[in-house]
Amino acid sequence: MKKGKIIILTVIVWILAMIFASPLLLVLMNSFKTKGEIMSSAISPPTSFYLGNFVRIITESTFLTSFLCSLFVVVLTTSLTVLVAAVTGYALARWQSRMCRILMLVIMSTLFVPFQVYMVALIVVVRDLNLVNNIFGLIIVYLSLGMPVPIFLCRSYCVGMSRDIEEAAIIDGCSRGRMVFTIVLPLMKPILATVAVLNALWVWGEFLVAFLVYGSGKPMTLPLSQRYFFGTHSNQWNLILTNFLISSIPIVIFYIVMQKNIIKGIAAGAVKG
Amino acid sequence: MKKKRQNLFYLALLMPAIILFITFFIVPVTQSMWLSFTDSYGMKTNYNFIGLSNYKEAFADKSFIKTIGVTVKYAALVVLLGNLLSLILALILDSQIKLKSTLRTFFFIPNIMSLLVVGYIWRFVYQQVLPDVFELMGSSGIAFLGNKNTVIPALAAVGIWNSAGYYMVIYIAALQGISEDLVEAARIDGASLWQTLRYVKLPLISPTIITCLILAVASHMRVFELPYTMTSGGPVGASATMVYKIYLTAFNANRNGYAAAQSLVLFVIIGGVSLILNHLMKKREERLQ
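Chains H and L supply the protein sequences, listed in that same order. No gaps in the numbering here: position 119 of the first sequence is 119 in my numbering, and each next residue is one more. Position in the second sequence counted from 1, then plus 273, gives you my numbering.
In isolation and in its complexed conformation, chain L is listed as follows (with noise of 0.2 Å):
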């Protein structure tokens, strides 16, 4: 009686999580899987089962899989250049430094923005900054978001930008964590400065570099502010990511069961990257062992 009683309280209390997750996450991620199936339009509430059209014509329009591109390689330059940077800043600011607050301050302001206000703000450099600074250099410059093989570069230095400092932090905690005995008894051995670093630290923190990797994969792969308010996608689609083209695809052209099928796609791509990212870093660990 007792048992059934605390039983009774516990599920109370885990009733406004479990109501939430079936109404906010369950159901709309199940109905995502069904509209993707459906010739689902707009505000109307009838639609037509159609089998694996949707995804058929996923595979056939250019447009789509030009973003998988565009989102891959925005992805590609954001995660790998950006954690080597973050590594590098909490490197630094991991030595007997001075003013260490005050650069991680530094660092870290620009994550702590509005990504809307990011975009917004760079597209300010970039449009009216830049040319300046190229004039005043006396050369005609290039425009990095009107030609297509800059814009994702230029894309991807505001996303480093604004994310590095939120995984400096991250790295600065982990290498805090190595035990000052270890680095000790490695310069006691004779190991000089990079490889105290590449045979003692790096290996160390080697578990928390793949939890960022896998956390940028996760957060970069979904990028939709910058393309929306610094290009429109443009120039010619050149940097329309995937949730940007889900977003049009969705909200602008209404057709909810085509965008639920790339919605899928994207998951896809998502899950795969960070299982890859996991199953490496197990064999890491067993490796370790």
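With the rest of the complex left out, here is chain H (with noise of 0.2 Å):
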């Protein structure tokens, strides 16, 4: 390509992405600022260095305890997803049988009948299970909706994975499930780094099945603490503008360092789903 197209082209590139930053640009402004300032012009940069809304949010906003427990449910349903692809995902590609085409036709049609379809009647399980605003209930069902993207990668994975050193390991006497997490689980651990990358940053910014399903349950989650303190703190712009800063910066953390793995992963499922 010649030199003067490219220049044309990067010039292009940085305006598109001045336009995408500036939503985010304005928020980190705003947060510097009082309401007073705000409200006589949102693009005014700050007068001063104004730290009240920081201070405001961290003593008086959910934000640490929803912080948590969005921590916690992550965790616990993301370790949960990549244990039961892992296993799952493995089976499906070794055995041969009836169960696993019908548990595979399962998994191909969860891919078109998406959640909303059937939010309602999901619902209604949840309740006679006794599982509405308990944190473990959200766990579950995270679970149960997050599952068949990873099912599917784990399973190709292991098709393309040698048997040689599990029939050496069986030959050696190693017993079959011994043999699965101690062998086949490692040798599986591109996949479910990707797998639980991409899990995680699902859970971590869901809304609506945490508002169905765990909608007033406590501790919030962080989506649903947001929402709760835009409620409660309605016109307040300069702290809840503050309040989404604070609370992105974890997930802007994560992306910078799981940025190779993302990126991969985003990739490999929309190839294979």
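Honestly, the hints are just simulated from the structure, not real lab data. Hints are not guaranteed to be accurate.
With a straight-line Cα cutoff of 27 Å, these simulated BS3-like cross-link-like pairs (lysine-lysine) come out [stated by the list, open to error]:
#	chain 1	residue 1	chain 2	residue 2
1	L	K373	H	K2
2	L	K373	H	K264
3	L	K275	H	K260
4	L	K474	H	K3
5	H	K5	L	K317
6	H	K3	L	K371
7	L	K346	L	K277
8	L	K373	H	K3
9	H	K264	L	K371
10	H	K218	L	K317
11	H	K5	L	K474
12	H	K260	L	K474
13	H	K2	L	K346
14	L	K371	H	K5
15	L	K371	H	K260
16	L	K329	L	K339
17	L	K474	H	K2
18	L	K317	H	K264
Using the hints, put the two chains back together into the complex; each one sits in its own frame.
Next up, the structure:
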């Protein structure tokens, strides 16, 4: 490509990047302004380095408990999803049986029947199981809704894995159970890392399922607490935006650390899913 | 004997997934179909079979029919314009420009944020920032979220902002999968940049384009958070999407049966569009062979 063309492309893409970044820059800028300053103009820069919003959010909002609650939900959901997806994917790849064909069919159909289509009946089931507003109820629903694509990815990965090591282990007298957990799962590490990162990202920001299953549960997950905070601080945009800013920091750090896995996982998920 | 033990072992591995799928997928999906033929209401455990009444009501209910149009309009804007933008961004980021991963981060960050927060942030942009921008320019401006003609494009812009980075990442992966040799061969044959794009790159990634379109249709037809946070479906239902309507019917009006019928209509629409796109892809593949 000619140099001139590259310069034009660079300019265009940076203008687009600035447009994409502007809402977040506005959040950042307005977090340092008082309510009055925002009311008089939302686009003027802050007049002083005002930190009052941050102090109030940290001392008054439920940010810390919600953060820990979300962390708990994510860690538990993602660990369980990885575990279930790994063993299910492995069994589906190694066992030729009618049971597996039926299960594959079910997994395929979940990809075409989004949760929103059966959410009404799902909540009825959750109610019948007495899992409403129960944090473990939320985790188990997240596990069920989030596992199809991970199972799919794990199965494809296992299909491509050589059986030689597994057979050698069995001949050496290793029990099947031990073989799966000490030999197969470590071999699946790359795909499990991808699955874990994507699942964690989804669970962290998910709102509708949490709202329906765990709507008045305590402590609130982060998205629930943000909705609550918005509702109780109407028009106090200085506090609302600061709350968004603080609660987005962990996920942005997570992205920066994990970006290779995230990017790889999305591409893989699109091809296989 | 050994075979039998092995089968039992595999079955044990599959058991957790089977139980979860039955409890949280198969049971609710079948129950959802059944509920749509009943007058199930709120927490009440007894309800009656009422045949097709819910469906008749749905197709006679103007406010419900309107949500189909709203959802399709929103999804069409986000899917088509969003994928076009994502593809352009991917093509630019696949060229020899500098700071690619920084740029990728700029476009991808909106996608990792919770849709709920995205909705609230853009509500701030539309209600507080844009009026100030218009004032600065000395015009009276328009309230994008308060006007029934602009509210859908306004929400669609947010949908595109949120999802463009995601599809861009998929397109970049597809473009990087194209063999250098083919592009090189086209260049040696004297193909211009545009011709290389039109006759080499785009045909090669067309399966990915269809995949992204299917993914995007399925995901944007179920939009809920944006109308919920930004407009509450207003003004006068102009931005009430199907899932938002189902949510209101089931959890505000407590009419589970009617909401289940509305859900099935949503499913048929999503499934129908995906099938058509899938069919287009198959036909295209046959033609290429």
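To test your reading of the hints: which numbers does this structure violate?
Per hint list: 3, 5, 7, 13 and 18 violated.
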